[in-house]
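Asker: First to last, the protein sequences are chains A and B.
Using our numbering, read the first sequence as starting at 4 and increasing by one per residue.
Using our numbering, read the second sequence as starting at -9 and increasing by one per residue.
Fair warning: there could be bad hints in the mix.
With the Cβ distance kept under 8 Å, some of the chain B side facing chain A (calculated, not the full set) [unchecked claim]:
| no. | residue |
| --- | --- |
| 1 | Glu5 |
| 2 | Tyr9 |
| 3 | Met12 |
| 4 | Pro16 |
| 5 | Gly17 |
| 6 | Tyr18 |
| 7 | Leu19 |
| 8 | Thr22 |
| 9 | Pro23 |
| 10 | Gln49 |
| 11 | Arg53 |
Heads up, simulated DSBU-like pairs for lysine-lysine below, C-alpha to C-alpha not over 35 Å straight-line [stated by the list, open to error]:
| no. | chain 1 | residue 1 | chain 2 | residue 2 |
| --- | --- | --- | --- | --- |
| 12 | A | Lys71 | B | Lys42 |
| 13 | B | Lys69 | B | Lys158 |
| 14 | A | Lys15 | B | Lys14 |
| 15 | B | Lys13 | A | Lys172 |
| 16 | B | Lys99 | B | Lys70 |
| 17 | B | Lys106 | B | Lys69 |
| 18 | B | Lys42 | A | Lys15 |
Since the hints were made in silico from the structure, they are not lab data.
We treat Cβ as the ideally placed atom computed from N, Cα and C, and that holds for glycine.
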Amino acid sequence: MSFFTKMKGGKKGPSMVNFSEIAWSWIGAFLGITPVAFLNTTLFHGDDLVFIIGSFGASAVLIYGAVKSPLAQPRNLVGGHLLSAFIGVVSFKLFYPFPWFAASFSVATAIAVMHATQTLHPPGGATALIAVIGSEKIHTLGFWYVLIPVGVGVVIMLIIALIVNNLAKNRRYPEYWY
Amino acid sequence: MTFSTLNECRQSITEDDIYEAMKKIPGYLDITPSDCMQLYQVAFDHAVSKLKNAIKADQIMTRNVVTVNENDSLVDVAKKMADHEISGLPVLKDDGTVAGVISEKDFLKRMNDDKKPSFMRVVLQCLETTGCIAADFNNLAASDIMSSPSIITSPEIPVLEVANIMDKKNINRVPVVDDQMMLVGIIARSDVVQTLC
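Take the sequences, apply the hints, and build the full model.
Answerer: Given below as structure tokens:
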């Protein structure tokens, strides 16, 4: 197949999900993000702690909206975030004088490592990137970033996913643990 | 069931079928219909090749084979087939190797000149002409009417391949021989059907 023919696409996309699927995705995401956001804005408001990062929103799409996807399984959710967070912090510490390099290096390495460890989880790329391009608050966390916000947030969202997804009649979660 | 029909089964599945199937499965499937179809096709081929190689000839063949010698008279052959209620058997040479196969079809062939011998042709011939025609059988031996060279197979050949041979050559039984060409068993059409179902 030629280079340009490939760009034409032309294949069929998947069908739309039904209403109950949409509803359960909404409920799951709402209940999953709530405790994390609550920790961030209410419980620890004023502290220097950060409990929520943007990549949690992306994880919510997967673990509440595409629960059967291999990308949404616990191994990927937890492994992908923790490994990427670590890689992000290392990238920043090593290459912070060259922010553009630290940014691209962190994301590229996160993807490679997630592939190699069979923990590919797209939001992990964002988790790695945020460690580099995040606020001063994030940078001062150092390796604590892996534990708080990333580790704590991921575990909370996983627990909610286990509860909500298994309440739905047509859902089960996870497909596998690791 | 030949491989070609199996492959037609596979190719009759379209992307639309996959799309409809995906709609029936609740929840968001993180895969495109075309990937899903590719997956299905590869899995199908895998299953077919597994089936193709899973069962070998020696697992389904009949081991105690009723045989005749090539020099046996046709009367003896007919008697043996009638006594054992079989419609065909292998013909052996003196050294025990397979010389050919003799079946009802070979008898029918001898009983009329038509290119497509059948029981009804013989009946017709009996009704339309004077007398029936088995007279010269008395002087003939098995080797005179048997089908030869015999189509044979070996014990480790997969059953589906034997089925294909039967289909292509339009025969009903295949003798199974070892390396020394000695008869070790026979596979009939019915053996194959029982295996596949």
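Asker: Assess, step by step, whether the Cα of Lys13(B) is no farther than 35 Å from the Cα of Lys172(A), and give holds or violated.
Answerer: holds (17 Å)
Asker: Holds or violated: Pro16(B) as interface residue toward chain A, Cβ cutoff 8 Å?
Answerer: This interface hint holds because 4 Å falls under the 8 Å limit.
Asker: Between Lys71(A) and Lys42(B), does the CA-CA distance stay at or below 35 Å?
Answerer: At roughly 33 Å apart (the allowed maximum being 35 Å), Lys42(B) and Lys71(A) satisfy the hint.
Asker: Using Cβ atoms only, decide whether Gln49(B) comes closer than 8 Å to chain A, and label the hint accordingly.
Answerer: violated (36 Å)
Asker: Hinted pair, alpha-carbon criterion (35 Å max): Lys106(B), Lys69(B). Please report holds or violated.
Answerer: holds (24 Å)
Asker: Are Pro23(B) and chain A close enough, Cβ to Cβ, to be under 8 Å, as the hint says?
Answerer: Check passed: Cβ of Pro23(B) comes within 5 Å of chain A, closer than 8 Å.
Asker: Identify whether the interface hint at Gly17(B) stands, where standing means a beta carbon of chain A within less than 8 Å of its own.
Answerer: holds (5 Å)
Asker: Run the distance test for Lys42(B) versus Lys15(A): straight-line Cα separation, threshold 35 Å.
Answerer: holds (33 Å)
Asker: Would the hint on Tyr9(B) be counted as holding, given a Cβ-Cβ threshold of 8 Å to chain A?
Answerer: Holds - the Cβ of Tyr9(B) comes within 8 Å of chain A, reaching about 6 Å at its closest.
Asker: Let's test the interface hint: is any C-beta of chain A closer than 8 Å to that of Arg53(B)?
Answerer: violated (47 Å)
Asker: For a C-alpha distance cap of 35 Å, please report whether Lys99(B) and Lys70(B) respect it.
Answerer: holds (19 Å)
Asker: Measuring from the C-beta of Met12(B) to each C-beta in chain A, is the shortest one below 8 Å?
Answerer: Met12(B) check passes; min Cβ-Cβ to chain A is 6 Å, inside 8 Å.
Going through the hint list in order, the structure does not satisfy hints 10 and 11.
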